[in-house]
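Peer 1: Protein chains in written order, with the working numbering: chain A, 8 to 525; chain B, 179 to 490; chain C, 944 to 1303.
Worth flagging that the hints you see were computed from the coordinates, not collected in a lab.
A quick note: this is a predicted structure, and the numbers were derived from the prediction, not measured.
Glycine residues also receive a C-beta, built at the ideal position from the N, C-alpha and C atoms.
Mixed in with the good hints, there may be bad ones.
Claimed, not checked - Only part of the chain C face toward chain B is listed, based on derived beta-carbon distances under 8 angstroms: (1) Tyr979; (2) Ala1255; (3) Thr1259.
Said to hold, decoys possible - Straight-line C-alpha distance at most 30 angstroms; calculated DSBU-like pairs for lysine-lysine: (4) Lys372/A to Lys1175/C; (5) Lys116/A to Lys127/A; (6) Lys480/B to Lys1175/C.
Now for the letters of each chain:
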Amino acid sequence: MNEYIVEMTDIEKNFELVKAVSNGQFNLKKGEIHSLIGENGAGKSTMMKILYGIYPYDSGTIKVNGEKLADITPKQAIEHEIGMVHQEFMLVNELTVLENIILGFEPRKRITIDFDSARKDIQKYIDNYKMDIQPNKRINQISVGEAQRVEIIKTLYRGAQILILDEPTAVLTPQECKKFFEILNNLKADGKSVVFISHKLKEVMEISDRITVMRQGRYVDTVNKADTNTANLAKMMVGREVFLNVERRKAEIGDTVLEVKDLWTSGEKELSKIRGVSLTVKSGEIVGIAGIDGNGQSEFVEAIAGLRKVEQGTVLLDGANITNRSPQKIREIGLTHIPEDRNLRGLSRGMSIMDNLVAVKADQKPFAKGIVRNRKEIFDFSAELIKKFDVRPDNPYALAQSLSGGNAQKVVVAREVDANGKLLIASQPSRGVDIGAIESIRKILNEVKASGKGILLVSADLEEILSLSDRIVVMYEGKIMGTIDAEDANEDNVGMMMMGGISSEANKAVEAGGAVLS
Amino acid sequence: MDFSSIFDYTLIYATIRAATPILFAALAAVITQQADIINIGTEGIMLTGAFTAVCVSYFTGSWVLALLAAMIAGVVMAMIMATAHIKYKADICAIGTAINIFALAITKFGIKQFLGTSGSFTNPRIIAIPKIHISIFDSNKYLNGLLNNWSLMEIFGIVMVFMITFMLYRTVWGLRLRSVGRFPMAAKTAGINVNRMKYQVMVISGILGGMAGAHLSIGYSQMFTENMTNGRGFMGVAAMFFGSANPMLAWIGCLLFGLTDSIGGRLQAYGWPSQFVLMMPYIITIFVLTVSLWRKSVREAKIKSSLLTEQL
Amino acid sequence: MKSPNKYINLLLTIVVSMLIGAVIMLMLGYNPLEAYFQLFKGAFVGKLNLGTTLQKFVPLLLTSMAFVISSRVGIFNVGVEGELYLGALAAAWVGFTFTGLPAPVHIVFCFAFAMLVGAAWASIPGALKAQWGVNEVCVTILMNYVAMFITSYLVNGPFSAKTGVPQTPAVAAGVKLTQFMRPSQAHTGLFIAIAAVIFIYWLMSRSTLGYKFTSAGLNPLHAQYVGIDPKKTMIRAMMLSGAVGGMAGCIEVLGVYGYFLDNFSSGIAFDGMLAALIVKSDIKTVPFMAFFLAVLKSGALGMERYTGVSKAIVDTIIAVFIIFATMEALFTFKKKHKAKKEASAVTGKEDQQGGLNNGF
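With these hints in hand, go ahead and build the complete structure from the sequences.
Peer 2: Written as structure tokens, this is what we have:
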């Protein structure tokens, strides 16, 4: 019994009407790296957030170091030597690295902060675990990889012996991952225990000692790494054999639909500023932009769609110059766009599904004559689209906020695909979407391609890029690293370019004439 | 128009004098802004403080009690706002406006009920906040004009600027507050009680707002008029925006308003219509607000621009 | 799911506020039942009383609607008072300057000019907010003072009727709206106002304009993405809001006074804003709340006359009313409240980075 430093038994957690966790089991041995895996919405993140005290739980037992814990708060979790690194970093942009690390645990000189002693302590961690950070820089001045190291040092500084890492490798390239795993092994050697939440099976197989699988809020099984493999894990995660590789039809390529020439645009971070990107998309093909999130893809798409100022360069849609024109005008010329954040951009959560479906044509006939809206037309149109795209529940009057992730995405896809533009931009189309919806969305994308439209696909999911694209463009730090045809592309050469390097494989592809390096 | 009689050395003290009530209001707004709370109710807190100060000073003859009572009244108003906003999720602009209206109503009621009149109340029995008189300065025209006869509050106001700056940027409490205002979730996961900090800043804001009102009614003058704050609470909020919630910079904003106010008064002597003169502080405030937010957007655009920054 | 709750909440809030008012009255030695009785009598019984209620209702109705319009796009237009003043003066100017025009045409010009001036005035804070995010609460309140000074200067100077009282010359006889319920000042502007409000309701709920306002207000990023320019929309909404405010001023001048009087409004527009705030800008209930406030204000005179209870108490009750009304989560039951807290923990939007976008 005492070999487990964390024991979570029979955990139940409901959010209003949603059962996030209905049979949660998890235990952690001292000094192990234990992966907690499952699809989006499986409940793994929720389980750990409960352990760290961010959510209260409805029933069950939690024991840490043998001690039963009832109402946990983050403060108590920290007191019990639990630390958590969240998917979205809990770092305050305007404060420095140092200030963020000591927040809440500041070394004091009476009521003032003892900055000198803080600096000394942090240097110890930098030296011990070989984690390179710059204490005096502000968070909005450092890279994502460094921010993650700051988060880890923060948990160590607070005395964590148990580290919970929520999807840490989502922001790292394959090669940065290797460095990250070295750090994890250093921590393990030092006696720390790690919970590694992920859905990336290859990494999980590489780093874990034990693996726990959750599916739809329920515990499935716990296995030792030695006794399993990725296929097995996938089956446990999904509950059925998974074939996500939709057959890629050979593209019938026509005229140029999108031409981007030497585009420069602003960026939220230094490394996501677009500096001189050119690309083309022809009708009948899917061009996939591969790259880790945060390398400028969002900004690039926004610039094309008229949602961000183009500072230099031109964008031509079907021959017409759309640089810096209004989003409305650009849509008229033929752009349709599935945005990467359906809650922020794609939908108006407080309005009905009906109004969301008709949003881009709300003031055109037949949905309006002058300023008078024609409700019947809007209703009929929406009912039809809902049926065609299998949106559930199927009430056009229902508010968009009542939709699940997958169905909400279907509404956005329905609207954009129905608008029948010349170019469809699909940005992170499978993010936060259940497997059933993913399959149907990918099918739809292929149908759109077959009907002669051009598609610009942007995805941080390399598997998605590889399975859908005819041509792959890799974006890294605001520039194009290289272009490669689908036949010559694989995880290694594309992954290499995603982190800014050029592999020997990619070099070979260049020699064979299939790839272009920028 | 004789420029030298408008812009002379006495303008310096006049500016500080006119800026002081706005300064306390600005500091009240600054401290809550650091927790991401826009204290629109500063006007109402000030008004309540002004009335309470006059009332208590009139009935007890003690400016100390009056000042204390004003601070308590400010805290009461601030706590109503805080509870409504933090516990009951009231929109901050809505509850702020509600408090302002509430203050108008209860002071109107109070002036009738407790002081037996309406409109305005003045009485020699009202004891004012004392001024610091340094007799050796009396002989020298410049020293007298610049440094003599300062109200206690005026000195205290400047002291508060430095105190709050220190509190925000050097203490543990200040660091935690700044994180609460900028990224509450990060503060929460660090074990900080976000709501408790929000209540704390509202209390401080109430104290400062009450002091602002007290200075207005028993420091600046010795009377209470209905709606005597007349927008000064909002000027304080504007000064806060001007300084991006930094106390020192907000102080500069207040001095700017005080300057405009004082110059305006002098221009009136030259036959400028009173309404234009009275308008000026408000127009300058709007202008200053706009400029500071415009500059902020330009700064942000520069930082984000791909053209200007050096490549890493 | 929230709708039945909304109206129950409102009712509970009214009851609680009136109870608090009753307590205050008791503490001061008055009989609350008698006071409230005289309050409602003073609002309804008799031509003078009912007429006064109707007369007070008109500007309250319009100014509350003006506030509702701007809140559709998420803007807190506290500047309706300024728009009221400027619109009133503009209408008075058209009224007394032009002679020999046929009355209907003249009236239309008065309204048109008043609404134009109001719209232009409101477009300033609208543009500042849309373009640079300047806090509109601050700006509109400051601009109210400016507007009042401008009108004060004009009515005491170039537009003065030189009678010793700060007023403009009277408007042309045909322009003045008929007062139909003597001895009160209730006038036909009531019907104009009601018609305007019906039109605005239609505009907000059935037209593409209203749709764009709602979209831009709920989610400006989404609006921009689907092709609705959020900045232009915000400014348009503010202009419409200002126009309605100007109309309110125009009606006061043409209906109640027949000229512009300095400082004629003792915060009418703020009372209108109160009505809107209390019902959280719900367009269907606003007119009724405006009427209720008119009842309270008008009845307070009668109450003071017959029971000695000061008018300021009514103001206080209304203020308490608002304080409670702004508390979203006040009367929700405990379980629902806990669930709400968790829901916001999940989405955590208010806990995310970048909260201080107004100050920083």
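Peer 1: Does Lys1175/C sit within 30 angstroms of Lys480/B, going by the straight-line distance between their CA atoms?
Peer 2: Satisfied, since the Cα-Cα distance of roughly 24 angstroms is no more than 30 angstroms.
Peer 1: Can Thr1259/C be said to touch chain B, with a Cβ gap under 8 angstroms?
Peer 2: With a minimum Cβ separation of about 4 angstroms from chain B (threshold 8 angstroms), the hint on Thr1259/C holds.
Peer 1: Between Lys372/A and Lys1175/C, is the straight-line Cα distance small enough, at 30 angstroms or below?
Peer 2: holds (22 angstroms)
Peer 1: What's the verdict on Lys116/A and Lys127/A, does the C-alpha distance respect the 30 angstroms limit or exceed it?
Peer 2: Roughly 15 angstroms between the alpha carbons, so the hint for Lys116/A and Lys127/A holds.
Peer 1: Holds or violated: is there a CB of chain B closer than 8 angstroms to the CB of Ala1255/C?
Peer 2: Holds. Min distance 4 angstroms.
Peer 1: Hint Tyr979/C vs chain B: min CB-CB distance below 8 angstroms?
Peer 2: violated (17 angstroms)
Hint compliance for this structure: hint 1 alone is broken.
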